[in-house]
Amino acid sequence: MKIISSIRKHFSIYPEALLQGDAVTRLSFLVFGAGNFFRGQIVKGVLFLLIEIGFIYYMAIAGIQAFQGFFTLGTVEQGWAYDEKKGIEVMVAGDNSMLMLLYGIVSIIAIACFLVIWRMNLKSAYELQKITAAGGKAPTFRDEINMLSDKKAHITLLFLPVIGICVFTILPLIYMILVAFTNYDSTHQPPGRLFGWVGLQNFVTLLKTDSPLGASFWPILEWTIVWAIIATVTCFFAGIVLALWINSKIVKGKTFWRTMFVFSVAVPQFVSLLVMKTMLQPEGALNVHLRNIGLIEGSLPFLTNATWARATVIVINLWLGAPYTMLISTGILMNIPGELYEAAQIDGANGVTMFRKITFPYIIFVMSPYLITQFIGNVNNFNVIYLLTAGGPSTLDYYQAGKTDLLVTWLYKLTTGSKDYSFASVIGILVFMISAAVSLLTYRKTPSYNNEEGFQ
Amino acid sequence: MRTWESGKMKKKVRVVLSYLGLSVLSLIWIFPIFWVVLASFREERGSYTSYFFPKGYTINNYVRLLTENSQFHFLRWFGNTFLVAVCTCIISTTFVLSVSFVMSRLRFKMRKPMMNIAMILGMFPGFMSMIAVYYILKGIGISQSLLALILVYSGGSGAGFFVAKGFFDTIPKGIEEAAFLEGATKIQVFAKIVLPLSKPIAVYTVLTSFLGPWMDYIFSSVIMGDNYDNYTVALGLSKMLEREFITEYFTQFAAGCVLVSIPIAALFICLQKYYVEGIASGASKG
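Protein sequences appear in the order of chains A and B.
In terms of numbering that gives the first Met the number 0, the first sequence opens at residue 0 and continues consecutively.
In terms of numbering that gives the first Met the number 0, the second sequence opens at residue 0 and continues consecutively.
These are calculated hints, taken from the structure and not from any lab test.
In this text the structure is predicted, and so the values were computed from the model without any measurement.
Each hint should be verified, as a subset may be incorrect.
Facing chain B, a subset of chain A residues (Cβ under 10 Å, in silico) [said to hold, decoys possible]:
id, residue
1, Met97
2, Ile162
3, Cys165
4, Thr186
5, Glu282
6, Ala284
7, Val287
8, Arg290
9, Leu294
10, Ala321
11, Pro322
12, Phe359
13, Tyr385
Idealized CB from N, CA, C, for every residue including glycine.
Just chain A, with the same shape it has in the complex (with noise of 0.2 Å):
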């Protein structure tokens, strides 16, 4: 209801500004800026008028085309004519539907722009409409530059980062969700051949388990979950009793043991993930070792046995994540107050007892926040997975994947090496929703989204 409201109050100004309007009011609906110009506003007018001219010159030349190509993506597919001059079959240059659809996208954005221009273009002649009328003047130029360092403040400061998120993140990601309803694979690869509009065919083929896609999508999906709710836990549960430990009165020293644990977080992930990855090759240090040592026989299978290598991601990834659970912990154990404790000493409590009933609620309480956005971002933890595994060992069972790969190492997988990029959509689109979903059910709930306001 309140969303119905707040959209008739926004298109309120269109019946407002043709009724109510005078003579200057009405002309800008056709000519941008008149009702700028006409009331003293010379600079803002023309500004605008350069706006309109542009967006209809660039209609023109490109932008129609560019809006019709969206919906089409191609129809001529490159290939052999006969050219009659030379006497021979020469290869003809065909649509290129990637380009098509990116251009595409761009002209409905200066469409949607232009349609925000033209209301605040309407918006403004109104309302300066109103102030003369009321006997005021209009700001000038240089009031409103003013504004933007106090009453505007927002528009100067969001104006670059708006505009990159927009160039690189917005676009690119409209681009990718509307590759996820083409089919964009890597049968239909541009510029030889067209792709076109399959509607929600890929999504019914990655989701059905007959197809070689499907057979692989919930296995991996499992994997997926199963590894992130087990990396998440391990690291959460071993990164506190890290803290705990190093915490306790009995340990002297603390910043030095510290730090021998942080060095994992200090030191560049691919570093230590390609040095692990050398270790436990079945001819790796760690083996050799293991080996001379006498404790086995023949190599282990760390990273070659699908068992196996799932195990040995999870335990690396504990090494990597659970220091840097305990440097988050040290810093909340610290803030417990420690009145609880010496009121449950008094009635008895042992150590036990005492982290079961105060530690323990305490740092989940704290920490929900944080536990939701590990497991989210273990759910995208690309980087343990590629750079140890490369999601192997690869199965013959999967398309495109191995038994440790994870839905976006698949992914990456599908777009850097198959180029499927419609089905690595359709993959980006379905984490996106558990992401959603589990920050959804959860973050809605925490005072600090309900209640911003509540520390100030």
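Since chain A is already given, all that's left is putting chain B on it; use the hints.
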């Protein structure tokens, strides 16, 4: 008396066990790092030796890594990464801090919708759209360049403002109101009052954005492709581990790892206090 004695004994055992356990664990944690450092000084070639301590020590691996440029141009990669990291750091920090200030302090119509959009954007896997980004950069005509990499790392960084916003939310508003009464503009309040109070979060933002390019592997590999000259260290070093190079270059790889890790680890350990504060304030405030 006896129970007191045995209690004391029990405590002693616990102390010893505590230290013993911690020592074993920290050995496990430090072992791979120690192993790389040893390998970087090893005289014998190869990705592993059948013994732990090298037979001969040398600094040749470092010398060759820094001087031989025919196959792997480490110094250049290091310079590339440093340049990209500094530029990314400046742009991202500016973006993130301004957006966080706006979202925390200023009230305007699009604020809630924009925050929701940023939250939604954050839930898509980051590299899902990298191919599209690649083609956009190609369209602009700067693919495979360092500028492209800087833009990729910093362009969309403004959306990651939640941690810093959480921090700004905890700064009391009273201080600014006094400034407003004296006629300061909002931008002045941001630059002269709020920023100086936000040292922990500023350090956190600088640190994370500076470290990003050193750690990233995915984007640099997609953007750079086969343009060796513009590789970053992460990409270049991982090339050394490819099958045809690993035996010859492993010790140099180890030397490279040590050279990259020292400044980063030092930076991280010096600034970990701020890092933890940043994370903690962001975590508890969402």
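Cross-check of the supplied hints:
1. Met97: holds (7 Å)
2. Ile162: Holds: closest Cβ of chain B sits about 9 Å from Ile162 of chain A, inside 10 Å.
3. Cys165: OK, holds: Cys165 of chain A within 10 Å of chain B, min 9 Å.
4. Thr186: At 17 Å from the nearest chain B Cβ, Thr186 of chain A fails the 10 Å test, so the hint is violated.
5. Glu282: holds (7 Å)
6. Ala284: With a minimum Cβ separation of about 4 Å from chain B (threshold 10 Å), the hint on Ala284 of chain A holds.
7. Val287: With a closest approach of 5 Å, the Val287 of chain A hint holds.
8. Arg290: holds (8 Å)
9. Leu294: Violated, because the Cβ-Cβ distance from Leu294 of chain A to chain B comes to roughly 14 Å (cut-off 10 Å).
10. Ala321: holds (9 Å)
11. Pro322: Hint on Pro322 of chain A: holds, closest Cβ of chain B at ~7 Å, below 10 Å.
12. Phe359: With a minimum Cβ separation of about 17 Å from chain B (threshold 10 Å), the hint on Phe359 of chain A is violated.
13. Tyr385: holds (8 Å)
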